[in-house]
Amino acid sequence: MNKVEGNYNILLVEDDLADAGLVRIALRKGRHPVTLHHAKDYTEAFGFLRRIGADFANAPRPHLIFLDLNLPGRSGHEILQEIKSDPMLCGIPVVILSTSEAERDVVRSYQLGANSFVSKPMDADDFTHHIHTMETYWFDVVRLPAGP
Amino acid sequence: MLAKLSQRLSTRVAAATSALALFFVVCTGIGAWVVASGMMRDQAARQVAELARAQALHVSSLFESVVSTVAERRLAVGTTERLTVGGVEVEIRTFDPTSPGDWSKSATILGNPVGRLTPDLGGRIEMLLPVDKAPPLILGVTLSSLASALAGGGHGELLIRVGGLTAQTAIGSPPGPDWQVAEAEVRLPQGFGRGQLVVRAGIGGDSLDLPLGRYALVLSLMGAVAIALVLALAVVTSRRLTRTLSGLADAASSFDFDAGAAVGAGGRFHVEGEDEIARLGKAFAGMVERLQSAYRDLDRRSQALLTNAERVAQVGSAIWQPGENRQQWSDQFHAILGLSPADVAPSRQVFFDRVHPDDRPALARVMADALQPGSGRVVLDFRIIRGDGAERVAQFRAEVARDGQGTPIRVDATLQDITERKRMEDQLDGVVRDLKRSNEELEQFAYVASHDLRQPLRTVRSYLSLIEDSIEDKLDDETREFMDFIRDGVKRMDSLITDLLAYSRVGRRVADGPIDSGRMVDLSLLDLQAEIDETHAQIRVPDTLPVIEGDAGEMTRLFQNLIGNALKYRKPDQLPDIVLECVDQGLQWEFSVADNGIGIAPEHRERAFGIFQRLHGRHEYEGTGIGLAICRKIVERQGGAIWCEGNDQGGATFRFTWPKMRRLAAALGGNNLSLAGHGDLAEFEGLREDGR
Numbered sequence: 001m002n003k004v005e006g007n008y009n010i011l012l013v014e015d016d017l018a019d020a021g022l023v024r025i026a027l028r029k030g031r032h033p034v035t036l037h038h039a040k041d042y043t044e045a046f047g048f049l050r051r052i053g054a055d056f057a058n059a060p061r062p063h064l065i066f067l068d069l070n071l072p073g074r075s076g077h078e079i080l081q082e083i084k085s086d087p088m089l090c091g092i093p094v095v096i097l098s099t100s101e102a103e104r105d106v107v108r109s110y111q112l113g114a115n116s117f118v119s120k121p122m123d124a125d126d127f128t129h130h131i132h133t134m135e136t137y138w139f140d141v142v143r144l145p146a147g148p
Numbered sequence: 001m002l003a004k005l006s007q008r009l010s011t012r013v014a015a016a017t018s019a020l021a022l023f024f025v026v027c028t029g030i031g032a033w034v035v036a037s038g039m040m041r042d043q044a045a046r047q048v049a050e051l052a053r054a055q056a057l058h059v060s061s062l063f064e065s066v067v068s069t070v071a072e073r074r075l076a077v078g079t080t081e082r083l084t085v086g087g088v089e090v091e092i093r094t095f096d097p098t099s100p101g102d103w104s105k106s107a108t109i110l111g112n113p114v115g116r117l118t119p120d121l122g123g124r125i126e127m128l129l130p131v132d133k134a135p136p137l138i139l140g141v142t143l144s145s146l147a148s149a150l151a152g153g154g155h156g157e158l159l160i161r162v163g164g165l166t167a168q169t170a171i172g173s174p175p176g177p178d179w180q181v182a183e184a185e186v187r188l189p190q191g192f193g194r195g196q197l198v199v200r201a202g203i204g205g206d207s208l209d210l211p212l213g214r215y216a217l218v219l220s221l222m223g224a225v226a227i228a229l230v231l232a233l234a235v236v237t238s239r240r241l242t243r244t245l246s247g248l249a250d251a252a253s254s255f256d257f258d259a260g261a262a263v264g265a266g267g268r269f270h271v272e273g274e275d276e277i278a279r280l281g282k283a284f285a286g287m288v289e290r291l292q293s294a295y296r297d298l299d300r301r302s303q304a305l306l307t308n309a310e311r312v313a314q315v316g317s318a319i320w321q322p323g324e325n326r327q328q329w330s331d332q333f334h335a336i337l338g339l340s341p342a343d344v345a346p347s348r349q350v351f352f353d354r355v356h357p358d359d360r361p362a363l364a365r366v367m368a369d370a371l372q373p374g375s376g377r378v379v380l381d382f383r384i385i386r387g388d389g390a391e392r393v394a395q396f397r398a399e400v401a402r403d404g405q406g407t408p409i410r411v412d413a414t415l416q417d418i419t420e421r422k423r424m425e426d427q428l429d430g431v432v433r434d435l436k437r438s439n440e441e442l443e444q445f446a447y448v449a450s451h452d453l454r455q456p457l458r459t460v461r462s463y464l465s466l467i468e469d470s471i472e473d474k475l476d477d478e479t480r481e482f483m484d485f486i487r488d489g490v491k492r493m494d495s496l497i498t499d500l501l502a503y504s505r506v507g508r509r510v511a512d513g514p515i516d517s518g519r520m521v522d523l524s525l526l527d528l529q530a531e532i533d534e535t536h537a538q539i540r541v542p543d544t545l546p547v548i549e550g551d552a553g554e555m556t557r558l559f560q561n562l563i564g565n566a567l568k569y570r571k572p573d574q575l576p577d578i579v580l581e582c583v584d585q586g587l588q589w590e591f592s593v594a595d596n597g598i599g600i601a602p603e604h605r606e607r608a609f610g611i612f613q614r615l616h617g618r619h620e621y622e623g624t625g626i627g628l629a630i631c632r633k634i635v636e637r638q639g640g641a642i643w644c645e646g647n648d649q650g651g652a653t654f655r656f657t658w659p660k661m662r663r664l665a666a667a668l669g670g671n672n673l674s675l676a677g678h679g680d681l682a683e684f685e686g687l688r689e690d691g692r
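Protein sequences, first through last, are from chains A and B.
All residue numbers for the first sequence refer to this note's numbering, where the first residue is 1 and numbers rise by one.
All residue numbers for the second sequence refer to this note's numbering, where the first residue is 1 and numbers rise by one.
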């Protein structure tokens, strides 16, 4: 178990504010104390992860990353690839949250090292349920290596 | 060939003539020999017979003289008297029959008197003549004249038969089987009883040999002369024959179509004379002239034909020896290069001058490759710049002929103007590229539709439910109804997008192959199991359905849509009764799905197959109205047709045909649908790019 003192930090990379809101609401209803950090694109995501610039000087290392694929500029797959090829970051589990049901997106994601692939359900309740399952799985069930 | 034949023929004629003459001479010789031999033998036989007769007469007269002498002298017993009668020496002895001496051993005197032969063969005959008066006489006669007459191989035999007794003497060598024998009878005088004297005279082969040998010699000489004459005649005749036939042979062997048809050394073939051979020669000469004329005519016509064919096919031909600059080109070869046969001497240099400078290295390379051992045929497309600057595309093909050692001896090449074909190919390539791009765009559209179009709907729906949750207790009935409308709208929009996506995917990512249509029906019924159970429908499917060509997923979907419709549009007060059938129509199958449902009015039957066409309100029957449009697309992609009919139960019968051999045209028609709306898709793509 990855018991954490204080809050769990989750980085959500998502350009759609409405979807980001749904995640936030779902996490609020969850069983774990979570601090959600929201990055809208590649620059913000790596600014946070690598603590670049004044805004992210004190950014915590996230316990989990929710990553959308369809992003403006560099795609979610590119972000995933960079995270997984960075020895400082590759230990952080990455869950792909996507509206895509295309097989090739699923296959590509796992090829690039995604830890899970979750299709966003149409229904809000289902969505909340999925998020809670992820929380339980990654925070309570899985054992991860200690961060660097 | 003909020369050899002629020589052989003349040799054979000479040989046959000689053999025939020899045979004739031999036959004549043998015939003459046989005839002459026969004649000579007859002659000899006649002479011998004469001799025998003469001798018989002589002996007869002799005996008469002896007998008369004995009668006159009355000789006492024991006396011997010699006398000569008619030139013949005769010795007469008398003896006492009671003391016969050495005679007694061989003769029984009186009663059975017998004669005796002298053993010397010298012509002496001794006989005991039984005379009526005693004493008996021994008569010894030396028949020297007979002996001399028969000297030199002749043979004489004298037999005297008296009173059943025979005395006999022989002169000369014993008779051979080939001896001529003549007999003459001698009448004995009175007092010597009844008797007979027979003279046999023979003549041996030796006496005949001399004249026969002469005849043979003469005949042989005549034969030899005749053979010599015939041989000379044969040689002359065969020389003549051979000379004429050799002339024919020479003419035949020197006859050459390619050289322009001169017979012999620069002239016509001439034959003198009026005989058969001469006529044969003349006929041959005439035939040669006609052949030449026919050949020239044929050559002209085939050249014309080839030229025409090359012009129509736009193919030119050329021949050259490897390593030589000079070449032979057909008119069309010139024409393709934009040249005239009158203006240029065909050569490798002239050819290369017309080839686009950028293409010359490639052409030189393939021509060099063709000459490499083991290679033989090359093809190359290149550009030609004609004199007027016009650029054409030509296809060059070359084939290398080799001798037994594999050394290249000739290059046969063709040149074809393929400018038009190339243009068509480029156009077709463009169409194929467009088609491919539009298919890729459609694929992109499918992705966009499934992902981006549904994303906002998901947001609306999610937040709608969040709002409902948060203000649940504050909602009045009217607001709740509004919110239901929003939810329904969103849901319908989602269905429409999903169905449109399904429609666009018909004919894509399919794997056409042989499929068991019966199994496809079973699979579709399995998918519809819930509806079937719910409606208590009776569905009748034939025991056997054909194996057809198609995609399993699409076929299942087709049956599922048709049977699903039959279940959905049932009469409220009647259990659904659905009958599926299939008829073999030869080139195609016709499937039908008949129901006893509400049916479709004739005027709406065609419209039912349109995209999102609904014939009933949504509150009556669920669905977006794309099911039949998908069915039509699936069927038409295979080259079949689908339509709807009414039936006796008042329901609808959907029929579709499924070709056994898929038609290409129909397949292309299916792809044209993909091209439609191409511009809209591009806009979609643009939107998507902006969205990122």
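Keep in mind the hints are simulated off the structure, nothing from the lab.
One thing to keep in mind: the hints can contain errors.
Derived DSBU-like pairs (lysine-lysine); straight-line CA-CA distance at most 35 Å [as the list claims (entries may be wrong)]: (1) B/K436 - B/K474; (2) A/K40 - A/K29; (3) A/K29 - A/K84; (4) B/K491 - A/K40; (5) B/K491 - A/K29; (6) A/K29 - B/K474; (7) B/K282 - B/K436; (8) B/K491 - B/K422; (9) A/K84 - A/K40.
Every beta carbon over 12 Å from chain B, so not counted as near; a handful from chain A, in silico [claimed, not checked]: (10) N7; (11) R50; (12) R51; (13) R61; (14) P87; (15) C90; (16) P93; (17) E101.
Footprint (simulated), chain B over chain A, 3 or more residues, beta carbon under 8 Å [unchecked claim]: (18) 11-25; (19) 123-129.
Cβ atoms here follow ideal geometry from the backbone N, Cα and C, with glycine treated the same way.
Results of checking the hints against the structure:
| no. | hint | verdict |
| --- | --- | --- |
| 1 | B/K436 - B/K474 | violated (56 Å) |
| 2 | A/K40 - A/K29 | holds (23 Å) |
| 3 | A/K29 - A/K84 | holds (30 Å) |
| 4 | B/K491 - A/K40 | holds (28 Å) |
| 5 | B/K491 - A/K29 | holds (26 Å) |
| 6 | A/K29 - B/K474 | holds (22 Å) |
| 7 | B/K282 - B/K436 | violated (77 Å) |
| 8 | B/K491 - B/K422 | violated (53 Å) |
| 9 | A/K84 - A/K40 | holds (19 Å) |
| 10 | N7 | holds (24 Å) |
| 11 | R50 | holds (23 Å) |
| 12 | R51 | holds (26 Å) |
| 13 | R61 | holds (28 Å) |
| 14 | P87 | holds (29 Å) |
| 15 | C90 | holds (26 Å) |
| 16 | P93 | holds (24 Å) |
| 17 | E101 | violated (6 Å) |
| 18 | 11-25 | holds (count 6) |
| 19 | 123-129 | holds (count 4) |
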